[in-house]
Amino acid sequence: MHTSTSDPETATEHDPCEQRELIGDRGDYFLNRIQGETGVNVSACYQCERCTNACPISQFMDIKPHQIIRYVQLGWRIRLLKSSTIWICLSCEMCTTYCPNEVDVAEIINHLRMMAASSSIAPKEKSLAVFHQTFLEELIKSGRVNEFRLMRAYYSKPDILHEKIKNGTFKQELQLAMTLFRKGRLKLSAPKSKAVKEIQKAYSQTRGEII
Amino acid sequence: MKLSFYPGCSLEGMANDYCESIYAVFKTLGIDLVEIEDWSCCGATAAHSLSEIMSVILPARNLAAAEKMGLDIICPCSLCFNRLRFSQKMIKKKIFHIPWQVTGDIRVLDMTRFLAKPSIIQLIKQCILKPLDSLKVVCYYGCQMVRPPKITGYADYENPQTLDRISAAAGARVLDWSYKSTCCGASIGIGRREIVEFLSKRILQKSRQAGAEAIVVSCPLCQSNLDIVQKDRSDTPTPIFYVTELLRLSFKDKGNPKWFKMHVADPVPVLKAKGLL
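If you read the sequences in order, they're chains U and P.
If you count by our numbering, then the first sequence holds residues 1 to 211, one letter each, in order.
If you count by our numbering, then the second sequence holds residues 1001 to 1277, one letter each, in order.
Not one of these hints is a red herring.
Mimicking EDC-like on lysine to aspartate or glutamate, the simulated pairs with C-alpha atoms at most 16 Å apart in a straight line are: (1) Lys1150/P - Glu102/U; (2) Lys183/U - Glu1012/P; (3) Lys192/U - Glu1037/P; (4) Lys1117/P - Asp1156/P; (5) Lys1089/P - Glu107/U; (6) Lys201/U - Glu137/U; (7) Lys126/U - Glu163/U; (8) Lys1180/P - Glu1158/P.
Think of the hints as simulated: they come from the structure by calculation, not from any bench.
All figures in this text were calculated on a predicted structure; none of them were measured in a lab.
Next up, chain P with everything else stripped away, as it sits in the complex:
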C-alpha cells in the first residue's frame, strides 16, 4: 500500500519526535509513505484569520501536488487535515480562482482514522510484541480533527473513537472521559497565556480524575500545550504521548528511553514503574 504523506511544519520542528515515530510505525506495518514533493505550509490559523482566499489556495497547492502523484493524502496534524479538507470543499464550490491545477477529488485522510480501519487494526495487532496492558490512558482528540463535522466527516464527533481503538489495539487500558474534544487553547498562549493555562490545566486535571496515567493525542499543538503546561509541576507528571509513540513502544521488545527526550513531562518514570521500558 502506498500513500502520500503531508507532514506539515510542526513535524519538522516542535513535533519532530512525532514524525520519526510515524515513519517507524508505518515501516513496521509495511505501508509506504511518500512525502508530498516540495510541500508548503497549509496557512494554519493565520491564513484562516486574515485572508480567506489564502486559506483556500495554500492547502490547494499541496492537494495539487498529491493529485499529480495520484495517491491519497495521509495527514498526521489535525489542523493541517482540517485546512486541507476545508480547501477541498471550497475548490469544489468553484468560487475562488486557484492558481494551481487542482480538482479536489483526492482523498484526504486523517492519520488516526486510517490506522483505526478494521483491516489496519488487525495488522497492528499482528505486530504487537509487548502489549501495554498495565498502562491506563485517556485519548484526547482536540478540536480540529473532529469539528466541524461537515468538514472533517466525523459522525461521532461527540465521542470520537479512532484513538481509543488504536490505543486499545496496542494493549493499553483505555478509559472513558468527558473531555475528549474540549479545546486546549491552541496558539492563544502567544498573547493570552492565562487562557491556555486555564484550558490545558482543566484537561489535565480531568484526565487524572478519570484515573489516567498518560494522555494519548494526535495533534502536535495539543501535545505541546498539555506538555508545556506541566513544566513547573513538582508531583508525578502525566506524559502526553503521540498515538504513534505508543504503537512504536508496543512494537518493540525493549523500549529505549532516548525516544522520549523531547518530552517536557518526562514519561520515563511512569513507563519504568509499569515495566514497559
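So that you can see chain U by itself, here it is in the shape it has in the complex:
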C-alpha cells in the first residue's frame, strides 16, 4: 500500500506490526463487476499518481484517487464505500482527462458513490449525501428545481438542521440567504414543469416498480 508520508527517512513500505489486509474477496469478482458495469479498464492503472496530482481537492480526501483505483483492483469494497472521498469528489474530471491509460477515475468514483447510496453503509459525508437525495426528491416532485424550495426541504431533513446549528454554519447560511434574497437572487417560487407525472412514472420504473 502506498504511504502518504513524504519523509524518506521515516517512510516504510509496510509497517511490520500492522496486520496485512488480504485481497478483498480472494478473487477478482469486485474488480470484474466494476469493470463490467462502468466499461472502464481499471486493470490498466500503473499507479503513476497523475490523477491524484491533478485532483484539486486531494488533500481533503481520505483515500486518494490513485488509491481508489488500487483498492478496486484489490477488491476492498467496504473500505471504498465507507470513505469520504466518494462523497466529496467534485466530478471535475481532471483525473479522467489526464490519465495516460484512459482510466476513467471520476466515473469509478461516481459508480462507487451510487453503490454506497444503494447499500446499507451509512455515508461518511452525510450532509452531502442527504443533499443529493433531497435534490432528486425535489426534482421528481416538481420537474424543475427551485433553490429556495430545495434548501427548505434540505433543512427539514432529520439531523441536518441540528448538525448545522452545532457546527455554527447555520447562522452564516441564514445571513447568506438573507443577502441573496435582498439582491433578488433567491426566488421563492418557480413554475413547475408540466411533465411531473411522466417523470414520476419514469422514476418509479427505474426503481423497479412495475405499476
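Guided by the hints, dock chain P onto chain U, whose structure is given.
Chain P only, in chain U's frame:
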C-alpha cells in the same frame, strides 16, 4: 437564424440576470431563441451521483422535445450542457430504455462556442457601440463545459479560448492566466464550506495576481461561488460577469447600474472608475 434554448433551473432562480442578458444579447444579434417547450431539470449532480439511469433519461426528455422542434439546442449552463451531451452519448449506445421518442441526433451547442464562431464574432463586432477597452479581464471556464473532452468536444481543454474570443470582440483586454479550468468547488459548499472557500479564494487570488479587474464566466454555479466568497471582503471587489452581461454592456451606449443589482461583489464602482457606466 433560429435555435432552441434550454435555460435550466439556475437561470430561473439564482442566475436570473444571466437569462435576461442572454435574451437581450441574442435580440441585438438578431438570432431567435425559442425556449424548449415545457423543459424539465437535467438532473444535475444529484441524478449523476445517485442514479445512472435517471442521469440519462432526464436530459433525454429535453432532447426529445428539441428534436420535435427540429432546432439545435443552445445551452448557457455548463452543467446542463455536459449532462445533455452525456445523455446523447448514452442514448447512442442504446443500453438504456428511454421512455421518450428520441434519437440523440440533434446538435447540443454550448452558448460560448456558438458565440465564438467566426461569423458570430463578426456580428458581435458590428453591434459594439462602446468597446470596453479599459477593462482588464480573465476568463474562467470551470470544469463541466470543457471536461471530459470526449463528451464536451473541446479539443483545447487545457487552454480554452471561446470566452477569450468573445470578450476580446467586446473590446475588453483579455489577460492570460493558468486557472481557466480549475474547479471552483461546485455544490460542495452545502456540506463542506471550507473546500469551496479554499478553491474559490485561490481562483480569485490568482486572477488578481494576473492583473485582472474582473472575471468573465459562463457557468451560473461558478458565478455564484466566486461571487458569494467575496461577501465579507472589505477591499475592492472583483466583479464576476457573465459573458453576456459584458456583451450587453458593450452593445449599449450608456450602461445602467440597475442591471448589476443581483451581484454580491458590486461591479458598479469598477465600471464607474473605468468610465463604462
